[in-house]
Amino acid sequence: MPRALEDKVVLVTGGAGGLGRAIVKACSDNKAKVVICDVNEERVKETENDFEKLWHVGPLDKLSTAVTDVSNETGAAAAVEHCIRRFGRLDILINCAGIMDGFDPVDSVDVDLWNRVLAVNLTGPALMSKHAVKHFLSRGDKCAGSIVNVAAAAAVRGAAAGMSSIGPLLATATLGFDHAAATPETAAHMLLTKGAAYTAAKHGLVGLTKNTAAAYAKKNIRCNAVLPGNMDTNLLTTVPTDFNEEGRQVAQTLQAVLPGYVDVDKLAKTIVHLASDNAEGINGAVVAADNGWSAF
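Position in the sequence shown counted from 1, then plus 2, gives you the numbering used here.
A portion of the hints provided could be inaccurate.
Taking lysine-lysine and the DSBU-like style, the derived pairs with C-alpha atoms no more than 35 angstroms apart in a straight line are [as the list claims (entries may be wrong)]:
1) K64 with K47
2) K221 with K271
3) K132 with K268
4) K212 with K271
5) K271 with K47
6) K64 with K220
7) K212 with K132
8) K55 with K33
9) K144 with K33
10) K64 with K271
11) K47 with K136
12) K136 with K221
13) K221 with K55
14) K33 with K64
15) K33 with K271
16) K144 with K221
So the derived label-pair ranges between C-beta atoms look like this [unchecked claim]:
17) G286 with K55: 14 to 24 angstroms
18) A217 with K33: 21 to 31 angstroms
19) D109 with E48: 20 to 30 angstroms
20) K268 with T76: 12 to 22 angstroms
21) G90 with A297: 34 to 44 angstroms
22) E43 with D267: 33 to 43 angstroms
23) R5 with R141: 18 to 28 angstroms
24) D9 with S110: 44 to 54 angstroms
25) P107 with A219: 32 to 42 angstroms
26) K220 with E44: 36 to 46 angstroms
27) G294 with R91: 31 to 41 angstroms
28) D143 with G286: 30 to 40 angstroms
29) E48 with D143: 35 to 45 angstroms
Don't read these hints as lab results, they were simulated from the structure. For each residue, glycine too, the CB sits at the ideal point set by N, CA and C.
Modelling step: build the complete structure from the supplied sequences, incorporating the hints.
Written out as structure tokens, the structure reads:
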């Protein structure tokens, strides 16, 4: 029986990270040819080795890697060009690359961190989409393509930033905070002003998703977004060490009262479905895949 992505060519940014690896594995399981794109060369090599040793999928078969920074025009163009050069075309783009901010509300935002968070979390997906869509359109009558943007719960809330991957960090922090005293009401109240850069970037990513979906719907190009909840991934490593202390306390509060981690393998399957032709009637959707976080 054909798999959901059989013979499709998929490019995954952030493909050597925790969720990215799960997405690459899910795409590979569904018979896709996959390009792992990531800025971290060491992590790319580790991922490539793991795939060859554990899953017997190697660069000479249906897997390729591209080390590039997709937050700038040159890097984004290079990633798409690598995919086309390696596999002859690109069918699906999954924008998964992302970094955290320091939980800072707007009055304490560091402009350099703000610029970097928006560059990776919003400009990167925009540039990748630009070059992917150009390729999709170049096919003429055979024009088709699918884009999935990995946003976050913060994309539709005032400040749900910082919820992904911080559990281990917060568990080791000595803040004198009483988890048992936390309630959904106090947590929600305290949450309203935290993580301005990350929240703004993820809101923008949802806007980009809907605009792209509307602009190219008649060209058979789809664009959707997923909103993951709390995940145990390497996103933890992108949290600045000098993050806002009050923001950290808020995040720790929420760890005590919100649903548990989203399983990245299950989330990857959701992303594969949205990317595949099985979801050809879904365009411009923003799908919560958060273990019930948004319903809490």
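Hints, verified against the model:
Only pairs whose Cα atoms come within 35 angstroms are accepted, and K64 paired with K47 is accepted, the gap being roughly 16 angstroms. About 26 angstroms separates the Cα atoms of K221 and K271, which keeps this hinted pair within 35 angstroms; it holds. Pair hint K132 plus K268 holds up; C-alpha atoms about 28 angstroms apart against a cutoff of 35 angstroms. In summary, the hint linking K212 to K271 is supported, as the alpha carbons are separated by about 22 angstroms, within the 35 angstroms threshold.
Proposed proximity of K271 and K47 is supported: the alpha carbons are some 24 angstroms apart, at most 35 angstroms. In summary, the hint linking K64 to K220 is supported, as the alpha carbons are separated by about 31 angstroms, within the 35 angstroms threshold. Taking the CA atoms of K212 and K132, the gap is near 14 angstroms; set against the 35 angstroms cutoff, the hint holds. Using a Cα cut-off of 35 angstroms, the hinted pair K55 and K33 holds, with the two alpha carbons roughly 18 angstroms apart.
Simply put, K144 and K33 have alpha-carbon atoms about 21 angstroms apart, close enough for the 35 angstroms limit, and the pair holds. Between K64 and K271, the direct Cα distance comes to roughly 19 angstroms. Compliance with the 35 angstroms bound is thereby established for this hinted pair. With a C-alpha separation of about 29 angstroms, the suggested pair K47 and K136 falls inside the 35 angstroms cut-off, and the hint holds. Between K136 and K221 the CA atoms are separated by roughly 12 angstroms; this keeps the pair inside 35 angstroms, and the hint holds.
Distance check on the hinted pair: K221 and K55 sit about 40 angstroms apart at the alpha-carbon level, beyond 35 angstroms; violated. Taking the CA atoms of K33 and K64, the gap is near 8 angstroms; set against the 35 angstroms cutoff, the hint holds. For the suggested pair K33 and K271, the alpha carbons sit about 13 angstroms apart, so the restraint of at most 35 angstroms is met. A threshold of 35 angstroms between alpha carbons decides the hint, and for K144 with K221 the separation of about 9 angstroms falls inside it, so the pair holds.
Checked against the hint of 14 to 24 angstroms, the pair G286 and K55 fails, with Cβ atoms roughly 40 angstroms apart. With their beta carbons about 30 angstroms apart, A217 and K33 fall inside the hinted range of 21 to 31 angstroms. In this structure the supplied range 20 to 30 angstroms is violated for D109 paired with E48, their Cβ-Cβ distance being about 40 angstroms. Checked against the hint of 12 to 22 angstroms, the C-beta distance between K268 and T76 comes to roughly 35 angstroms, which is inconsistent with it.
With their beta carbons about 43 angstroms apart, G90 and A297 fall inside the hinted range of 34 to 44 angstroms. A C-beta distance of roughly 25 angstroms is found between E43 and D267, which places it outside the suggested range of 33 to 43 angstroms. Between R5 and R141 the beta carbons are some 23 angstroms apart, a value that agrees with the proposed interval 18 to 28 angstroms. For the hinted restraint 44 to 54 angstroms between D9 and S110, the CB-CB distance of approximately 50 angstroms keeps it satisfied.
Between P107 and A219 the beta carbons are some 37 angstroms apart, a value that agrees with the proposed interval 32 to 42 angstroms. Between K220 and E44 the C-beta distance comes to about 43 angstroms, which sits within the given range of 36 to 46 angstroms. A C-beta distance of roughly 38 angstroms is found between G294 and R91, which places it inside the suggested range of 31 to 41 angstroms. For D143 and G286, the Cβ-Cβ distance of about 23 angstroms falls outside the hinted range of 30 to 40 angstroms, so the restraint is violated.
Separated by about 42 angstroms at the C-beta atoms, E48 and D143 satisfy the suggested range of 35 to 45 angstroms.
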